[in-house]
Amino acid sequence: MPVIFPKVRLAGLLLLLFLAFLLDISIGSVKIPLKEVFHILFASSSADSTWNFIVEKIRIPKAMTAVLAGCGLSVSGLQMQTLFRNPLADPSVLGITAGAGLGVAMVMLSGGNMATLFAIRELGISGSLLITIAACVSAGLVMILVLILSSRLRDNVLMLVIGIMIGGITISVTSIWQYFSSPEQVKDYLLWTFGSLGGVTGGQLLILSSVIGTGLIMAWLSSKMLDALMLGENYARSMGLNPRRARLVIICSSSLLAGSITAFCGPIGFVGIAVPHITRQLFRSSDHRVLVPGSCLIGALLLLLCDTLSQLPGSSTVLPINVITALAGAPVVIALLLRQKNINAY
Amino acid sequence: MTTPLIQIRGLQTGYQLSDQKVVTTKGPLTLEVQRGQLVCLIGPNGAGKSTLLRTIAGLHPPLKGNVEINGRDIRLLSPIQRAQTVSLVLTDKVRTHHLDVYSLVALGRYPWSSWLGGLSDKDRAAIEWAIDSAGVRPFLDRKINTLSDGEHQKVMLARALAQDTPLLILDEPTAHLDLPSRIRLMRLLHRLARQTGKGVLLSTHELELALQVADEVWLLQDPSAFYCGAPEDLVLTGAFEAAFAHEDIRFDKQTGTFTIEHEHRRPVVLSGEGLAAQWTQRALQREGYFISDEAPCSIRVSGAASWTMTRDGKSYSFSDISSLLQALKKTDPQ
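Line by line, the protein sequences give chains F and L.
The first sequence begins at 1 in this note's numbering and counts up by one.
The second sequence begins at 1 in this note's numbering and counts up by one.
If you're looking for bench data, these hints aren't it; they were derived computationally from the structure.
Be aware that one or more of the hints could be misleading.
Here are the simulated distance ranges between beta carbons [said to hold, decoys possible]: (1) L:Arg9 x F:Gly168: 43 to 51 Å; (2) L:Ser224 x F:Ile334: 56 to 64 Å; (3) F:Val161 x L:Asp222: 33 to 41 Å.
Cβ coordinates follow ideal geometry from the N, Cα and C atoms, glycine included.
Take the sequences, apply the hints, and build the full model.
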């Protein structure tokens with residue numbers, strides 16, 4: 001029935017996304033005239049080679065990371081909310097985000113390793129390949145554990161509880177590590193938990209985008225299963241859904257998305273929980289073939305705007321991205337909770 | 001001879017807990033359901049009706065025996081093949097926000113639609129047919145969480161019809177519905193079975209309704225007591241009475257209804273004829289009286305609205321049953 005309607009909105013969002021992308025790359029601590037930004041973007045040449053470098057090597061990769069992270073976290077959040085039929089589920093409920101954090105803590109807090117510390121100092125907190133690798137491996141191990149457990153369980157709600165328990169264990173281990181570490185090391189780790197969209201460049205950006213791409217395609221292909229799961233597991237089974245296979249596909253895709261983003265950018269909160277709610281409200285639909293692309297666009301848009309805000313226009317200070325997403329995301333979630341009379345039905 | 005729609009052989013249902021086996025239907029049941037038949041499964045709460053239905057639908061493994069639908073063992077079908085054979089209406093309530101009725105009915109095409117859930121012309125035709133058959137067109141654009149219980153149940157039925165299966169299983173479809181909705185739903189199911197040749201199997205507590213529409217009744221009293229047959233046969237053999245036997249409830253074979261039995265029943269003489277007399281008798285039974293030839297108190301119903309009570313030689317007149325009962329309570333305290 002309503003076929004044209006979502007398409008118009010998706011197209012509108014795409015246009016907004018493009019504008020936000022331009023805005024994001026034209027604002028920064030170094031003032032570059034808008035005309036020059038356009039020149040660099042479309043003709044890849046500029047009067048000033050420094051400007052050229054800043055836009056091409058720093059701002060564009062950063063904006064692209066924002067788009068990838070926005071898409072991935074939002075879709076992962078949408079999948080978790082539908083799978084667990086819980087309006088408060090987000091990418092962190094499976095414990096995979098915490099898993100990535102443990103990997104980072106292991107590298108940063110293991111201490112004494114001069115090479116590690118040197119790499120962190122030289123390349124910046126999130127630019128360190130070693131940290132990214134540790135986060136990826138650790139997130140991957142937690143993901144495998146979650147997948148093994150999920151294939152043994154019948155019930156999705158139990159899966160939710162187990163995911164949160166795994167997250168709890170992982171966070172505790174990280175805390176113990178922090179407790180016995182020196183203040184400097186803890187500070188480095190804390191900086192990582194603030195999240196950062198910068199520093200993902202070149203080869204890393206390629207890896208991140210291919211993992212996110214795979215996760216998004218899997219999510220898109222799982223939209224029919226997600227639709228069926230809205231009616232609850234019993235109805236979904238009666239309609240021919242294989243609950244274990246569905247859970248495997250959904251958790252696998254969600255883990256790829258959330259795990260890779262946390263590994264590369266640190267734990268970015270609120271996007272995953274807020275965007276699916278905004279998307280449902282905006283499209284007034286429950287069809288996941290609309291909600292998956294819708295969440296992608298809104299998530300990317302939101303994170304680009306947050307990134308723009310974090311540059312504090314007119315000053316050279318850059319706030320951590322997590323501060324902004326929480327500031328922007330939390331009021332939205334509260335407003336939605338107040339608008340919905342019955343929060344049990346997400 | 002054609003194969004029956006459902007063929008159940010040696011079935012025993014139940015479930016396996018970690019340390020014990022719970023048998024809910026001992027059986028072994030051997031049953032058949034033909035195409036176009038409406039079968040009502042009746043039994044007290046907790047007797048294992050849902051487990052039996054889920055076992056027949058292939059969602060739950062049997063302890064023993066097997067279920068064949070259209071000659072094929074339900075446990076050997078793939079999930080999609082099974083969903084193309086049996087559709088279900090469950091007691092679960094769907095409360096998703098932003099899900100409109102049309103989309104929900106369209107989800108019934110799940111086992112037939114493409115990889116991404118794209119609908120073909122055939123799918124759309126089936127959805128339209130289901131919408132009209134279940135009578136949900138008036139609220140097609142409403143969101144599912146704004147529907148009343150009766151409307152919700154109809155939408156879930158439409159979804160099951162859109163699934164276009166030869167067998168339709170409903171678990172207590174009349175629960176939470178008011179009396180007119182219950183009757184309408186049962187009539188609708190009866191008509192569907194007749195017109196489309198689908199088999200309809202439903203569980204219900206509505207014994208009196210089931211007696212009127214069911215082609216066959218399955219009576220599940222407890223794990224070892226299972227009766228099946230035409231509803232009238234079950235009344236005559238006393239199976240109904242036995243199944244719901246309880247010290248304060250009596251099954252009236254004459255009317256096919258249950259009456260509440262009072263502990264201390266007192267006699268009263270009732271004379272008169274017609275509808276007014278019948279309802280007076282019901283009112284007296286409710287108050288704990290039984291009709292007798294000899295009693296200290298006698299009541300006479302004359303015409304449509306005049307009651308005379310005679311007691312200890314005195315007569316009182318009343319114009320409705322309510323005031324008659326009040327006077328009766330005063331003169332004859334329990």
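Tested hints:
Taking 43 to 51 Å as the suggested C-beta distance range, the pair arginine 9 of chain L and glycine 168 of chain F conforms, at roughly 50 Å. Taking the beta carbon of each, serine 224 of chain L and isoleucine 334 of chain F are about 57 Å apart, inside 56 to 64 Å as hinted. In this structure, valine 161 of chain F and aspartate 222 of chain L meet the distance hint of 33 to 41 Å, their C-beta atoms being roughly 35 Å apart.
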